[in-house]
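Peer 1: Just so you know, the protein sequences line up as chains A and B, in that order. Heads up, the first sequence is in numbering that gives the first Met the number 0, so the first residue is 0 and it goes up one at a time. Heads up, the second sequence is in numbering that gives the first Met the number 0, so the first residue is 0 and it goes up one at a time.
These are calculated hints, taken from the structure and not from any lab test. Any given hint might turn out to be false.
[Stated by the list, open to error] Which stretches of chain B does chain A cover? Using the computed rule of at least three CB atoms under 8 Å from a CB of chain A, they are:
(1) 24 to 37
(2) 62 to 73
(3) 96 to 102
[Said to hold, decoys possible] Away from chain B, derived, C-beta distances all over 10 Å, residues of chain A:
(4) Asp119
(5) Leu134
(6) Ser173
(7) Glu185
(8) Leu243
(9) Gly265
(10) Ala291
(11) Ala295
(12) Arg344
[Said to hold, decoys possible] If the Cβ cut is set under 8 Å, some of the chain B residues that face chain A in the computed set are:
(13) Gln14
(14) Ala17
(15) Phe21
Virtual Cβ for every residue (Gly too), placed ideally from N, Cα, C.
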Amino acid sequence: MADRGARLLVADDNKVNRLLLTRTLELQGHRVSSAENGRVALAMLRAERFDLLLLDMEMPELDGFQVLEQLVADAELKDLPVLVTSSLEGVAHVVRCIELGADDYLPKPVNPVLLRARIDSSLEKKRLRDQQKELVRRFATSEVAQDLQQSGFALGGRRVDATVMFSDIRGFTSLVESQSPEETIELLNTYYTLMFDAINGQGGVVNQMIGDGLMAIFGAPLPLDGHAHQAVRAALDMVEMMALFNAERSAAGKPAIRIGIGIATGEVVAGYTGTQARATYTCIGDTVNLAARLEAHTKDAQRDILIDAATAAALPADLGRDVLGAVVFKGKSAATEVFAVVLPR
Amino acid sequence: MDTAQIDAQTFDDLQANAGAEFVVELVDTFGEEAPLLVNELREALAAASAERFRRAAHSLKSNCSTFGATRLAALARALETDGLPAGPDGIDVLAAELPPTLAALQALARR
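The shape of chain A in the complex, shown without the other chains:
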């Protein structure tokens, strides 16, 4: 655990204490900086990344309690582990430190053995917390992770106006049968990388990946101005990326990949569904179903990007689209106006 040491900041107005604590910690394998008061400590914490702060509670100018308050209020610093050192007597002070976010309290004079144990413990806790955040980010988009961190997790949804996009690879099944599993996974990974790039680049959030199928939302969980237009721009980017990808593939003697994209705009119910133990962020509603139907229809229509009337209405006039007319989709009684986006030459 002490192979590379951590980046520590010691804040204490007393020079002898500062030097001794720094020395003790360096001997334990850490890289240590020091600050002589709370103001300097905060400036250093904001300028550079530290793994842990050792904070004396009785410093002039900004005292230890005030430093703790400022740390808690700072989005970047609220998760910084803090060990407070003090010879302040009384349980009340200790309790107040912990309430203000301190991880642990070390009485002065600081015992080196206890110091090492408490630091290692705090650093380990931080490492686990960081690992956890990384995991959430890996399996949810950063927007969902942010939403989770800010609002906490609760099953349930809300109605929002959003644009939903479905996309998949045409003829994927026969493609799978014609190549090795490794090639299939590699193809999928490349496809996802390109599609994520295009979608995130226009403010969208990839919500689900099922096989070669992909669902993205524009306008949830975080609102997005002009979400319909952004979604269509993302779709055009996706088609363009596939064209470049196909140029590489044909150069390698591999068949081209065609994708179909369906986009619909309207009200969706967005939120966390599932159970308390296992849930996913998703959108449901007519708009979602329509986007899926439009995507499936791309095969029959022989067009890459199909959109509904609501999406078409939200586009600038110079974004070309062809009227394909009304189509009756399975499960709907009324016919739906379908438009195809014109691809740039």
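Starting from the known structure of chain A, fit chain B onto it as the hints suggest.
Peer 2: Frame of chain A, contents of chain B only:
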């Protein structure tokens, strides 16, 4: 009244934990800082600032404890807890104790 001037165990532990060479430097630093803290006590008294006075006494006490300078630490603790004194007598007593304490620490450090 016979508190040993320096607690040998504390000083030995300090040398063992931080290294003898480092402790020489640390004692020298204390030699520079301690008179400044005594000055701070006098100025705090002149300014009638109880908080400044307490903080300076506290710092002195803390440093003395680090080195095991028990007699000096006791004097500083008394100043810390008794609050702003009427006159400078307490400070003078502490100030008088400082040079022999420092000398003892220097001797121990360089032993």
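Peer 1: Please verify that the nearest CB of chain B lies beyond 10 Å from Ala295 of chain A's CB.
Peer 2: Non-interface label on Ala295 of chain A holds, nearest chain B Cβ at 72 Å vs cutoff 10 Å.
Peer 1: Does the claim that Asp119 of chain A lies outside the interface with chain B hold up, using a Cβ gap greater than 10 Å?
Peer 2: holds, 17 Å
Peer 1: Taking a Cβ-Cβ distance under 8 Å as contact, does the segment 96 to 102 of chain B have three or more residues in contact with chain A?
Peer 2: violated (count 0)
Peer 1: Answer holds if the nearest beta-carbon of chain A is closer than 8 Å to that of Phe21 of chain B; otherwise answer violated.
Peer 2: holds, 6 Å
Peer 1: Report holds or violated for chain A covering the segment 24 to 37 of chain B, Cβ cut-off 8 Å, minimum 3 residues.
Peer 2: Holds, because 5 residues of the segment 24 to 37 of chain B bring their Cβ atoms closer than 8 Å to Cβ atoms of chain A.
Peer 1: Would Glu185 of chain A pass as off the interface with chain B, using Cβ distances and a cut of 10 Å?
Peer 2: The claim stands: Glu185 of chain A keeps its Cβ more than 10 Å from every Cβ of chain B (closest is about 56 Å).
Peer 1: Beyond 10 Å from every chain B Cβ: check whether that's true for Ser173 of chain A.
Peer 2: holds, 72 Å
Peer 1: Determine whether the non-interface label on Gly265 of chain A survives the test: each CB of chain B must be over 10 Å from its CB.
Peer 2: holds, 65 Å
Peer 1: Regarding the hint that Ala17 of chain B lies at the interface with chain A, is the smallest CB-CB distance below 8 Å?
Peer 2: With a closest approach of 5 Å, the Ala17 of chain B hint holds.
Peer 1: Examine the segment 62 to 73 of chain B: at least three residues should have C-beta closer than 8 Å to a C-beta of chain A.
Peer 2: Holds, because 3 residues of the segment 62 to 73 of chain B bring their Cβ atoms closer than 8 Å to Cβ atoms of chain A.
Peer 1: Since Arg344 of chain A was said not to touch the interface, does its Cβ keep a gap of more than 10 Å from each Cβ of chain B?
Peer 2: Its Cβ never comes within 10 Å of chain B, the nearest being 75 Å, so this holds.
Peer 1: Would the non-interface assignment of Leu243 of chain A survive a Cβ cutoff of 10 Å against chain B?
Peer 2: holds, 62 Å
Checked against the numbered hints given earlier, this structure breaks hints 3 and 13; the rest are met.
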